[in-house]
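Using the hints provided, position chain G relative to the given structure of chain E.
2 protein chains.
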Amino acid sequence: MNSELQSELKKILNSRFSESESTRLNYARGEDTYDPILSKAVVFPETNEEVSKILKLCNQHKIPVVPFGTGTSLEGNVVGNDQGITISLEKMNKVLSVNVEDFDCKVQACVTREQLNDYLREDGVFFPIDPGANAAIGGMASTSASGTMAVKYGTMKTVITGLTVVLPNGDIIKTGSRTKKTSAGYNLTNLFIGSEGTLGVITEIQLRLSPIPESIMSAVCHFKTLEDAVKTAQEVIQYGIPIARIEMLNKDQMEISIEYSKLKDVEATPTLFFEFHGSETSNKESIDIVEEISKNNNGSSFKWAKDLTDRNKLWKARHDVYYSVKAQINNGRVYSTDVCLPISKITECVNFADAEAKKFGLRAPMVGHLGDGNFHVLLPYDPEKKETYQKIRKFSDILIEKTLELEGTITGEHGVGLHKKDYLLKEHGDNLPVMKSIKRTIDPNNIMNPGKIFDLN
Amino acid sequence: MNSELQSELKKILNSRFSESESTRLNYARGEDTYDPILSKAVVFPETNEEVSKILKLCNQHKIPVVPFGTGTSLEGNVVGNDQGITISLEKMNKVLSVNVEDFDCKVQACVTREQLNDYLREDGVFFPIDPGANAAIGGMASTSASGTMAVKYGTMKTVITGLTVVLPNGDIIKTGSRTKKTSAGYNLTNLFIGSEGTLGVITEIQLRLSPIPESIMSAVCHFKTLEDAVKTAQEVIQYGIPIARIEMLNKDQMEISIEYSKLKDVEATPTLFFEFHGSETSNKESIDIVEEISKNNNGSSFKWAKDLTDRNKLWKARHDVYYSVKAQINNGRVYSTDVCLPISKITECVNFADAEAKKFGLRAPMVGHLGDGNFHVLLPYDPEKKETYQKIRKFSDILIEKTLELEGTITGEHGVGLHKKDYLLKEHGDNLPVMKSIKRTIDPNNIMNPGKIFDLN
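Sequence lines, in order, name chains E and G.
When the letters of the first sequence are read in order and numbered with the numbering used here, they come out as residues 1 to 457.
When the letters of the second sequence are read in order and numbered with the numbering used here, they come out as residues 1001 to 1457.
There may be inaccurate statements among the hints.
[Claimed, not checked] Straight-line Cα separation of at most 25 Å, SDA-like style, residue types lysine to any residue; simulated pairs:
hint, chain 1, residue 1, chain 2, residue 2
1, G, Lys1421, E, Ile172
2, G, Lys1174, E, Arg440
3, G, Lys1010, G, Gly1170
No lab work stands behind these hints, which were simulated from the structure alone.
Bear in mind the structure is a predicted one, so any value in this text is a computation, not a measurement.
One chain only, chain E, in its complex shape (with noise of 0.2 Å):
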C-alpha cells in the first residue's frame, strides 16, 4: 500500500486503522479450507461515512477491499488479499430499529443473528434465519445464507426487504423499502445479497421477523438406515406438511454430536430432527402424520425435547455440528459440501454420496436441511496431509457433476467464494458473461473482494 493511501486512512480511523500482524492474521481466513492470507491493513469503519471515504481512496488507488464479519463463511469467501485491506465491520454492530407492529427491524452490517434474537426476547418475534455459526447479518445477506428453518421461514431473500449499501465509488444507496413488496424497479436488494462483497459493502439490513409460534415443539427419531430418514423426510415434505424444521444426521455425525454436545437419550443411528411451530392444536395434526410417515418408515418412536432447556440443547448440538466435527483432528479443518436439489431427488443424492464416500474411504459425517433440499458432507482433515484433501476434492468434484445431472444446485448456503469457482462455471457458464458485466459496470477497478466468485479475465 503507498504512503498516501495509508496515510489518508489514518486519518479517517486513527487507531481504527491496523497494520499489526496479529490483527492482519485474525482477519486472513474465514472458516475455510485455506491458508490464512494477509492483507496489508484492517479497518474498523464505524458509520456509512466512513466506509464511504474507504471505499473512495482505494477506488482512486485501485487497492483490493475484503468485507469481513464474523469469519465465519466456509468458502474462502473472507480470505484476505495481500494487495489490499480488509474492512471489518465488527464496530457496526447496532440494532437500529425494531417495529413489531409491523414485524420488522433494521441493523447494522455484523449484529449476529443470536445477538438480535437477544435483543428481540421480550418482543414476542424473532429472526428465524439460523446458519451453524453465530454470523454477522450482513455477512449472511453477502452470502444468501439460511439454515435450519428456511423449510417455514425462507433464507436471507425471503426476510431481507432493504439494504443500505456502499459502492465501490464510495456512493451509499438504500436499496429496497420497509415494505413487505414492491416493484419499483429493478431488484437492487436481491442483486447485493449473495454478491459476497463483490460488488460494495453492505452496512445496514432491512429485515423481515416473525411472531413467535404460540406452541414449539421438537422431537428426534431415529432410523434404522441413511435411506429410511431421508425418505421419511422427502415424503413429510411431499406431503406439505407445515413443518418449521426437519433435520437429518447420519450415523457418523450422531456419534461425533453425542460425544461433542454431550446428547443424551438419544442413539448414535442416522436420524431425524424434527420442530413445529404454530397452535398446539395444529401442531398435533402435523405431529400425527408426520410419526405416520416415520413410522412406515420403521423410525423409532418420537422423543420429545421435554423443555425449553432440552430443545435448546438439541438445536445447540445441532447448530454446532461444523465445530464438532472440527474438533475431531487436532488443528484439523473441514471441507463441507452444500449441495441442493429438488426435494424428489435428494434421496438418490444422499445415498449416492454416503457410497462414494466410502468409495473413498473418507471419514464423512453427513448433515441435512432436508426440507429443502440441502445436504452437508463434513470433510474433516489434517492440513498437513494433502492426499486427504486431494482426495476431499475428488469426492467433491463427483458429488457436483451427480448434483447438476440431478438438476440440483452446487450450493444452497454457504456461496462460491473460491471453493466452487469451477463448479460456478458447470451450472451457470452461460450467467457468467452476464455477471461479470455487472461487476465491471459497478465495480470498474475490480477493488471488491476480487478474484472471489469468479475471475474477472
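Using the frame of chain E, we list chain G on its own:
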C-alpha cells in the same frame, strides 16, 4: 424499419410477421391510460431460438423491441414504439413440465395464470399468484406481480426459481435452478423479475407450486366505516393470523361490484373479503380470532361462501374490479394507484387517500390487498376530459408524497412503466445510477423496451 431488417424478419417468421395496421393497433398499449402507439411491426415467435434471432437482428440494426404478453399491464409497460417492433409472446403458451412431487413446473411466457391452474386441476397443486387480470406468467414475472393471495403465498419473486431469458445480443441464458434455494453467484433471476422487458425477453419460467389446502373457507364482513375495515385488517396481520386473503373494498367499489358482478346477499358498505387456507381445525382457530377482531371494530357477522360456486363468484368479482370500474364510463379509462406501506401505516394512508379524493371531487372506488399493506384507488375517467386526468395525476402525486413520508413504496405490484418514472426518481433516486449502468451493460444499444422504468439520458 429498413427493408433489410424487414426481409430478414420475414424470412425467420413468415406469416408470423405482421405490419397490418389492425394487428399493430391490437398490440399498441396495455390497460393503461396512454393513447395507443403503433410499433412498425408485430412478430409472433414460437421458440427461444426465434426470439434470439429477432433480438440479434434488432440489436444489429439498433431497432427497439417491446415484449408483449396479454397486454393487461396497467402502467404503460407495453405501449408500442413507433421506431421499433413489438414481440408478442402469445404463441409461446405451453406448459413445459409439471413435477407434482417437487411442487414445481416450467411454463412458457404466455401461459396465463388461469390456463396453468386449469392444467393443474387434477394434480392437487395450484399456482397462487393472482393479479386481477388473467395475465401471462411472463408478464407477471416482468412486473413482479402479486395479487390477493400474496399475504400467504408471496409474490412472483417468491415463486419463481429460474428463468430462460433471451438477452439483447441474442444469447439465451437459463438463470436459477429447480431447487428451493441456491447461493450460486449473482441472483440474475431476481434481476430480470420486475425489469419490465428492459433487459431482455423472458421466455420460460420455472415456478414453485403450492399444495391445495385441505380446507378453504371464504367470508364477507361489512363495516360501518372504511377506517373500521382497514383497522381490522391491520390488526389481523399484527396478530400474526395465518390468513390467505384479506381484501378491502370501499363503499363505492362495493356498489360498483354488486352491480357489475351481480353479487347477492352483500351490502354496499366498506367490506372485507377473507379467505382461510389450512386444515379444518386450524382454519377454525384462525376464524375465531378474526371474527373477534372484526366484532371489536363494529364488523357485521361473517357471511360464508356456501360452496365452490359461491366462493368463485366472490373472488371473480374481486378480480374483476378493474373492469367493473372501467365499465362506469363508455370508452373510459382507469388510472390505478398502487402504493404499498408498512402495515402500521395503512389506516392512516387509506384515510388520507379517501379524504384527498373527496377534496378533488374524484370518484374513487378503492380496493386493497391489506395484508400486504397494498391498496389501489381506481380512478375512472373519460379520456376526452383532459382536466379530469390532470386532477387524477395531481391526486396521485399527493398520495405518492404521503406514501413516501410513511416509508411506503410507489408500487406494490404493477411496476413503473411510463406512469411512475418520476415517482421512481423520488423513491430511489440514489439507486438509479446503478440501475442505469446495469441497463447499459446488458443492453448497450438500448433496444429493450426503451423509455420504460427510466429514461437513459
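Okay, the hints, checked on the actual structure:
no.: 1; hint: G:Lys1421 to E:Ile172; verdict: holds (22 Å)
no.: 2; hint: G:Lys1174 to E:Arg440; verdict: holds (21 Å)
no.: 3; hint: G:Lys1010 to G:Gly1170; verdict: holds (18 Å)
Hint compliance for this structure: no hint is broken.
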